[in-house]
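J.: The hints should help you fit chain H with the ligand onto chain E, whose structure is shown.
Listed in order, the protein sequences are those of chains E and H. Counting along the first sequence from 1, when you hit position 210 you're at 210 in this note's numbering, and nothing is skipped either side. Each number in this note's numbering corresponds to the 1-based position in the second sequence with 1000 added.
Quick caveat, the hints were computed from the structure, so don't treat them as lab data. Values in this document were obtained by computation on a predicted structure and should not be read as measured data. Please note that a few of the clues may not be correct.
[To be verified] Residues on chain H that point at chain E, a partial pick, calculated with CB under 8 Å:
#	residue
1	Met1013
2	Glu1052
3	Gly1056
4	Gly1126
All C-beta atoms, glycine included, are put in the ideal place defined by N, C-alpha and C.
The lines below spell out each chain.
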Amino acid sequence: MAKGPTVVELLTQAQVEGLSLGQIVLKHQAAQLEVTEQDLRQKMLANLQVMRNSVAEGLTGKRRSMSGMVGGDAKLLEQRRQGGQTLGGDVLARVAARALAVAEVNAGMGKIVAAPTAGSCGVLPAVLLTVGEEIGADDAQLVEALFTAAGIGIVIAAQASISGAQGGCQAEVGSAACMAAVAAVELAGGTAELAVHAGAMALKTLLGLVCDPVAGLVEVPCVKRNVTGAVNALIAADMALAGITSNIPLDEVIIAMGNIGRAMPCSLKETALGGLAVTPTALRLKEVFLGAGQD
Amino acid sequence: MELSAFDIIGPIMIGPSSSHTAGAVRLGLLSRAILNQEPTEARIYLHGSFAETYRGHGTNLALVAGLMGLATDDERIPEALQLARARGLEVSFQSIDLGDVHPNSVKIELRGKAGRRVVVTGSSVGGGKILITNIDDFAVELSGDYHTVIVIHLDQPGVVAQITTLLAAAQVNIAQMRLSRQKRGALALTVLETDQEVQATVLDLIRAMPAVNLAMTAKPLV
Ligand code: SF4
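Chain E with its partners taken away, still in its complex shape:
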């Protein structure tokens, strides 16, 4: 195993000390940053508030992106959900609409929390706020879940990457989904071990996802990929809570993700030189947008 923190280390410590992953991360961070856990909780609570605000703002559908390519979709889905019409059921639609909402706020130059990146900022708020609602979690529990997610993100950043330019979208939306799945299981009262299985399942299904943003902007396909990441995390969490396990441990899935990222051609890593970014329609959109109002 490469250097740096691993999931299995976190898991072992959690089990030995009888704490959740989130509590272990909190404890480590307090020691490392030489501050109290209470201070850290306070600071994370501020992130949670911004996440809530970005969901609420996104659902109003008022923001458009600079290019005009995205915006308003969260509201459409939310309306359909409120009409009780969704095929996937209420919870799934709520998660999806919230993921769209936050990602649209980001694309429209609104205030968000990068989690782990700005491009993938919709996944965690969508999953955690919705699961929190379902189980009646309070802010303290949600804050702890965010520390769980952060702990997994720290491992991914050390062992692989959380940057689309280095690892493709699997490193952004894939990582966000992995973090969200682990955190969702803990939030729902599942054990740390089950939580880690959920993370492995969520990340495995997004391996190989490339980064191919149209016109180089964090809009298409980024906004909708946040939905994929979020919904995927929710299902992975449900699978783990049902006792389904991942055959490949999360640490190894993370290493595999890093290796796949390195093997990906540069054209599929945020350069907008491949994939969706070079489809005829994408090139036309880029032309229209870049041609407009050149100063």
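T.: Coordinates of chain H with the ligand only, in the frame set by chain E:
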């Protein structure tokens, strides 16, 4: 250094891109600190990916917001151009080829209220991190992660030692130091990144040194 939980869940920022938006704000903020005056004119030259995608990422707005001192999470960033007009900051944007540099690079020619001019070049190197690489033809490496002291002085023996002595006397610990010389000319520029803030009284002592032309400080960027 191991990442903190808030590097992963955070920062709170105005979207859409940590490199093209948040990083651009920070480039503006550090350039403002280097000018060390309220800017009244900014000619902004965008290179590479900055030039290609600036409008979609609001890179232009973010740079101007930073030049005005707005933070990366300030909700006025989208209105930065109107705000600049209201504050009497004139801005212009052009594309430029800066050569073999990071794709997210920018050169900013600044003029301040009291007439000072400075040319700053820097890059947004990912995740909101930045690097200022050139100030007035001096090659530098400035991250904005630390308290920073920038001193332009005559290229004479003993000047740097005198500066570090003043800092040591004020209990300021130096994390990094770099001296660079212009290709031509008798001037040198020293950048000191420090663990503690350098108080105004200490800065005044540095400014009072006969060999020192100009000295300024910048706080760590948030
Ligand atoms: S496609 Fe690229 S820019 Fe968009 S969210 Fe994924 S990694 Fe980020």
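J.: Work down the list of hints and note, for each, if the structure agrees.
T.: To see whether the hints hold, each was checked on the structure:
1. Met1013: holds (6 Å)
2. Glu1052: Where the cut-off is 8 Å and the nearest Cβ of chain E is about 6 Å from glutamate 1052 of chain H, the hint holds.
3. Gly1056: Since chain E brings a Cβ to about 4 Å from glycine 1056 of chain H, closer than 8 Å, the hint holds.
4. Gly1126: Check passed: Cβ of glycine 1126 of chain H comes within 6 Å of chain E, closer than 8 Å.
Of the numbered hints given earlier, the model fails none.
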